[in-house]
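Chains A and B supply the protein sequences, listed in that same order.
Just so you know, we're using the numbering used here here: the first sequence kicks off at 161 and counts up by one.
Just so you know, we're using the numbering used here here: the second sequence kicks off at 19 and counts up by one.
Worth flagging that the hints you see were computed from the coordinates, not collected in a lab.
As the structure is a prediction and not an experimental result, all values here were calculated from the model.
Glycine included, each C-beta is placed from N, C-alpha and C at the ideal position.
Hints are not guaranteed to be accurate.
[Said to hold, decoys possible] If we take Cβ atoms under 10 Å as the criterion, some of the chain B residues that face chain A in the derived model are:
id	residue
1	D62
2	D124
3	D125
4	E139
5	N141
6	V151
7	D153
8	K159
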Amino acid sequence: MACDVSSAPELDQNDYDADEQVKIICLGDSAVGKSKLMERFLMDKYRPHQLSTYALTLYKHTATVGNKTVAVDFWDTAGQERFQSMHPSYYHKAHACIMVFDVQRKITYKNLANWYKELREYRPEIPCCVVANKIDVDLKVTQRSFNFGKKQALPFYFVSAADGTNVVKMFREMIARAVDYKQNPSDFMDEVLQELENFDLEKKEENSETDEDGLKILPRPSPSR
Amino acid sequence: MSFEAKRCGVKFSPPAIILIYEHKESKTLRKRTIPIRNFSKFSDHSMAAERLKNHPRHQTYLEGVSQAQLEKLHIILRDHLQGFSLEHSLASFSLDPDEDLNKLDDDRLARKKNQMDEVFERNRRHRDAADFVYDLEKDFKSTQAKCSWDDDSDDGF
Numbered sequence: 161m162a163c164d165v166s167s168a169p170e171l172d173q174n175d176y177d178a179d180e181q182v183k184i185i186c187l188g189d190s191a192v193g194k195s196k197l198m199e200r201f202l203m204d205k206y207r208p209h210q211l212s213t214y215a216l217t218l219y220k221h222t223a224t225v226g227n228k229t230v231a232v233d234f235w236d237t238a239g240q241e242r243f244q245s246m247h248p249s250y251y252h253k254a255h256a257c258i259m260v261f262d263v264q265r266k267i268t269y270k271n272l273a274n275w276y277k278e279l280r281e282y283r284p285e286i287p288c289c290v291v292a293n294k295i296d297v298d299l300k301v302t303q304r305s306f307n308f309g310k311k312q313a314l315p316f317y318f319v320s321a322a323d324g325t326n327v328v329k330m331f332r333e334m335i336a337r338a339v340d341y342k343q344n345p346s347d348f349m350d351e352v353l354q355e356l357e358n359f360d361l362e363k364k365e366e367n368s369e370t371d372e373d374g375l376k377i378l379p380r381p382s383p384s385r
Numbered sequence: 019m020s021f022e023a024k025r026c027g028v029k030f031s032p033p034a035i036i037l038i039y040e041h042k043e044s045k046t047l048r049k050r051t052i053p054i055r056n057f058s059k060f061s062d063h064s065m066a067a068e069r070l071k072n073h074p075r076h077q078t079y080l081e082g083v084s085q086a087q088l089e090k091l092h093i094i095l096r097d098h099l100q101g102f103s104l105e106h107s108l109a110s111f112s113l114d115p116d117e118d119l120n121k122l123d124d125d126r127l128a129r130k131k132n133q134m135d136e137v138f139e140r141n142r143r144h145r146d147a148a149d150f151v152y153d154l155e156k157d158f159k160s161t162q163a164k165c166s167w168d169d170d171s172d173d174g175f
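Let the sequences and hints guide you as you build the complete structure.
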């Protein structure tokens, strides 16, 4: 099992509590094309942070959702999937999950059940989707219907990291869903955390100044980066 | 670019990458022998390939050769240095769709990925291409054709 990322100095997971920041994780077997999908979406603008000690690659991206600018951290495995299981900190505070399989390899499809089970142990409610990658190798697969996730009503995408089909669409929709989830969390733990934050803010409010219009100016928690 | 790479191979003794390329101006085929130095049976194939790809004297010739192919040639050379036969090396690259790649070590997995990369590069639509579309969307009508992968339905399928 790969080790805990909570001790990585470049990774403060508390940042994901800030309104304008979301964390999206990728799950799936080795060599299904997770990194290739990231790179196709981000093109040459990506700056992956290899945290090899933690078997983890981080891609930072800035997206516009509605009229808001959102910082998106994509978490990609770097071999950790080999253990058929991810460290709990991989799931911690994630706002959405992209599950990928390779349409050329049945076993990667079958293993989605295991990935999904583990995801739901840690994040029972976050938005999740199923991505069928490598359709460029044989377009006929798109005539088939893959039933995994139908019961849970997970959105399904036929994509190709090589020719680009539906890659950007999938990422944009997942970013929007992550932001939406963050604003309306339905996970119990998120609600508890939110409550604690509100409690904190109320205390701070007492000390904050009031401007002419009577609007409270709250001291903003500044992100550490 | 005045050179177009045609074929690329590896020579064991002395270790070298052999490149057959066309000189665009004179339209002639030429052979270039690129010696591989400081590469042992313990060396890292991807670092060595990258070094070669960025080599000041060879990089313009190797522009048309993918990093993946150079890595593959280095792996074959390393296998040779470790005493494996060429047949063994080539077999290790072949893809079996039923194999669980999660179970492979870094080296074995790299070989399979290398093979997949060749397909990827072949089907890749490059951003410099005139018909490149960043946000390429295609609607696939949902059909009733059941996927055989769902047949032996178990654990949550």
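Hint check:
1. Of the supplied interface hints, the one on B:D62 is violated, with its beta-carbon coming no nearer than about 13 Å to a beta-carbon of chain A, more than 10 Å.
2. Restraint check, B:D124 versus chain A: the minimum CB separation of about 7 Å is within 10 Å; hint holds.
3. Nearest Cβ of chain A to the Cβ of B:D125: about 12 Å, over the 10 Å cut. The hint is violated.
4. Among the interface hints, the one on B:E139 holds; its C-beta lies about 8 Å from the nearest C-beta in chain A, closer than the 10 Å criterion.
5. Given the 10 Å rule on beta carbons, the hint for B:N141 holds: about 4 Å separates it from the nearest Cβ of chain A.
6. For B:V151, the interface hint holds, the least distance from its beta-carbon to any beta-carbon of chain A being 7 Å, beneath 10 Å.
7. A hinted interface residue such as B:D153 counts as satisfied when its beta carbon comes closer than 10 Å to some beta carbon of chain A; here the least separation is about 4 Å, so the hint holds.
8. Annotation: interface hint on B:K159 holds; nearest CB of chain A at approximately 9 Å, less than 10 Å.
Going down the numbered hints, you'll see the structure goes against 1 and 3, while the others check out.
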